[in-house]
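Hints in hand, dock the two standalone chains.
Each protein sequence line maps, in turn, to chains P and Y. To convert a position in the first sequence, counted from 1, into our numbering, add 198. To convert a position in the second sequence, counted from 1, into our numbering, add 996.
Be aware that one or more of the hints could be misleading.
Label-pair ranges, simulated between beta-carbon atoms [what the hints assert, rightly or not]: (1) Y:1016 with P:274: 39 to 47 Å; (2) Y:1001 with P:207: 30 to 38 Å; (3) Y:1065 with P:272: 38 to 46 Å.
Think of the hints as simulated: they come from the structure by calculation, not from any bench. For glycine and all other residues, C-beta sits at the position ideal for the given N, C-alpha and C.
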Amino acid sequence: GQNIDQPTEMTATEGAIVQINCTYQTSGFNGLFWYQQHAGEAPTFLSYNVLDGLEEKGRFSSFLSRSKGYSYLLLKELQMKDSASYLCALRVDSSASKIIFGSGTRLSIRP
Amino acid sequence: DGGITQSPKYLFRKEGQNVTLSCEQNLNHDAMYWYRQDPGQGLRLIYYSQIVNDFQKGDIAEGYSVSREKKESFPLTVTSAQKNPTAFYLCASSIARQGLQGYTFGSGTRLTVV
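Excised from the complex, chain Y in its bound form (with noise of 0.2 Å):
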């Protein structure tokens, strides 16, 4: 079955370390997308990839990085810049112009620094 997969579901980061975050999808999706979700809020986006090599800068970019290096892949590095990181991290994927399904979202990565 097609899907997009997260991991790991939960993660823990010490402070100054960088982490990064899987996100895989099956779909033949062409974008993929990174939003952030703090406790009783929305999704904020992160970063964002509409083709292979191509990424652009959602609106709370700073203290993250991306890469995408194939159709089916797309990692985010939380670095050691990013000074508040415990949060739930939402990976997304959509046709280039989607249609009325709008994402297909992964689990979601729950990441907490300690």
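Bound-form chain P, shown alone (with noise of 0.2 Å):
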């Protein structure tokens, strides 16, 4: 089976920086994914790691460490519309498609 950890929730202020972190058990690992979900809406996909390291992407970055069963997404230069649910997902399985999604961190900006 698998199993994905995140803080359930942060705060953070306007103009800062944030990490979220995600550390996940799996047998199978096949890449990370981040999404970002505003309230009441679909998520809408961040960033893809499949190799260690780090991805950047204008002000997200996406971090991956294999052997440590860990990531982290980092925000900078927050703004307040940043503010929304993040979840960390895996793919496990290079014959199938399907992702399985943690809980999500529910992250609030602060003026």
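Put into structure tokens, the structure is as follows:
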């Protein structure tokens, strides 16, 4: 089976930097995703890591360490619109395309 | 424009009734999925289908049924056997061996039992 752990809630200040951690246990690994979900809306894709290291995309970066079962999402220059839930998700099987989601981290940005 | 459409946006069900949620995509994606999300929770997989006329149970399939008669369509029926159906239901699609983009999601259906 799989297990994905993320903090339930985080708070940060506009203009600052925040790191959202994700740890996982899985028997198979074929990539880790981060999604953003605003309240009442569908998730939207942020990043995908399959190899160790840092992937940078504008204000957002994602890091993966497969040996440690660890990933983080780094958000820089925080804006009020970044208030949302951030979902860590695993693709566990190369022959199937399904993704398993964590419970998500609800990020609140204060002025 | 290509996309994935869920309908209706809001749905009310009386206890004991079956209801069907629609999901249609014109992205030419092979795989389609149904997830359930409860308040403050992550997404839990109900059913998924990687090709037409084939589908597999996810983690919480009891009380639900699906069909995949066309590549574009993957309707979900919430049966009376599902004891706690009130939730936000999300449909998604992807290419069969997904690359960097992961899923494309529909806008969701919020189901409430009255």
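Results of checking the hints against the structure:
Taking the beta carbon of each, residue 1016 of chain Y and residue 274 of chain P are about 44 Å apart, inside 39 to 47 Å as hinted. Here the CB-CB span from residue 1001 of chain Y to residue 207 of chain P is close to 32 Å, well matched to the stated 30 to 38 Å. Separation of residue 1065 of chain Y from residue 272 of chain P is about 44 Å and conforms to the stated range, judged on CB atoms against 38 to 46 Å.
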